[in-house]
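Start from the sequences and build out the full structure, keeping to the hints where you can.
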Amino acid sequence: TQLLEQSPQFLSIQEGENLTVYCNSSSVFSSLQWYRQEPGEGPVLLVTVVTGGEVKKLKRLTFQFGDARKDSSLHITAAQPGDTGLYLCAGTWWAGNKLTFGGGTRVLVKP
Amino acid sequence: GAVVSQHPSWVICKSGTSVKIECRSLDFQATTMFWYRQFPKQSLMLMATSNEGSKATYEQGVEKDKFLINHASLTLSTLTVTSAHPEDSSFYICSARVRGSYEQYFGPGTRLTVT
Numbered sequence: 245t246q247l248l249e250q251s252p253q254f255l256s257i258q259e260g261e262n263l264t265v266y267c268n269s270s271s272v273f274s275s276l277q278w279y280r281q282e283p284g285e286g287p288v289l290l291v292t293v294v295t296g297g298e299v300k301k302l303k304r305l306t307f308q309f310g311d312a313r314k315d316s317s318l319h320i321t322a323a324q325p326g327d328t329g330l331y332l333c334a335g336t337w338w339a340g341n342k343l344t345f346g347g348g349t350r351v352l353v354k355p
Numbered sequence: 003g004a005v006v007s008q009h010p011s012w013v014i015c016k017s018g019t020s021v022k023i024e025c026r027s028l029d030f031q032a033t034t035m036f037w038y039r040q041f042p043k044q045s046l047m048l049m050a051t052s053n054e055g056s057k058a059t060y061e062q063g064v065e066k067d068k069f070l071i072n073h074a075s076l077t078l079s080t081l082t083v084t085s086a087h088p089e090d091s092s093f094y095i096c097s098a099r100v101r102g103s104y105e106q107y108f109g110p111g112t113r114l115t116v117t
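Line by line, the protein sequences are chains A and B.
For the first sequence, the numbering used here assigns the number 245 to the initial residue and increments by one for each residue that follows.
For the second sequence, the numbering used here assigns the number 3 to the initial residue and increments by one for each residue that follows.
These are computed hints drawn from the structure, not numbers from a lab.
Note that the coordinates shown come from a computational prediction; the quantities given were computed from them, not determined experimentally.
No incorrect hints appear here.
Ranges of calculated distance between the beta carbons of each label pair, as one might list FRET restraints: (1) B:Pro110 to A:Gly326: 13 to 23 Å; (2) A:Gly296 to B:Thr117: 45 to 55 Å; (3) A:Pro252 to B:Ser56: 34 to 44 Å.
Computed cross-link-like contacts, DSSO-like style, restricted to lysine-lysine with a CA-CA straight-line distance of at most 27 Å: (4) B:Lys43 to A:Lys314; (5) A:Lys354 to A:Lys301; (6) A:Lys342 to B:Lys57; (7) A:Lys342 to B:Lys22.
Think of the CB as a built atom: it goes at the ideal place given N, C-alpha and C, for glycine as much as any other residue.
In C-alpha cells form, the structure reads like this:
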C-alpha cells in the first residue's frame, strides 16, 4: 500500500510566526500536489511539484520536493489568520494515476 | 480556468430514497473525474474513478451498486447514492483532470444529510 504521511496533524500558531508541514512516503512520486481546504468547501490547488529538489514559491508559501521525490514540505513565512485551513498533500505515482492524499494538517493562525 | 462545479451544494433526503449529485467541468474537458468522500476533520477518501464513456473503477470497500457513477460526457459526471441511509451522510467532493495532466481540480462539494 502506498501511503502518504503528513505531520503534524494540527498546528496552532500566532500571527507572524512561521510554520512547516511535512509530507512523507516510502515510495517515489511522479508528482506531488499541495491543496488548501476551508470548511465546507473543496480543496484548492496551491502547487504541483514534479522534479526532485524542486522549490516553488507562492508569495509567503515555499514548497520543496525532496531530491529522491519521496517527501515534500510546505513552509509558510509570517503566517496570517487567512492562512488558517486544512493543508493536504497528494501524490501520484505516474501521470494519469489517481491522487493519494495524506491525512491533512489543520493549521490555525491566531490574530 | 479549471473550474469545477457541483450541484446541489447541499441536500437532505429521507432514508431509503436516492440522491443524484452532478459534477461539471465548466471550462475544460475532463477525461477523468474522481469522486471522494470526506468525514469531519478528516482527509479525502477516494471512492471511484470515472473515465468518459466507460465504467467507473471503484476503490476497495465502496459498494458499486450503492454509489452509481455515470460519466456520459467530457464535462459531466454524476454520482447517485441509492437507498440512502443515515450512515451515508457525508461531504461528497468530485474532481476533474485533463488528459495526461497530474493536476486535479476540485468541485465545492455536496453536503448530504440522510434523515
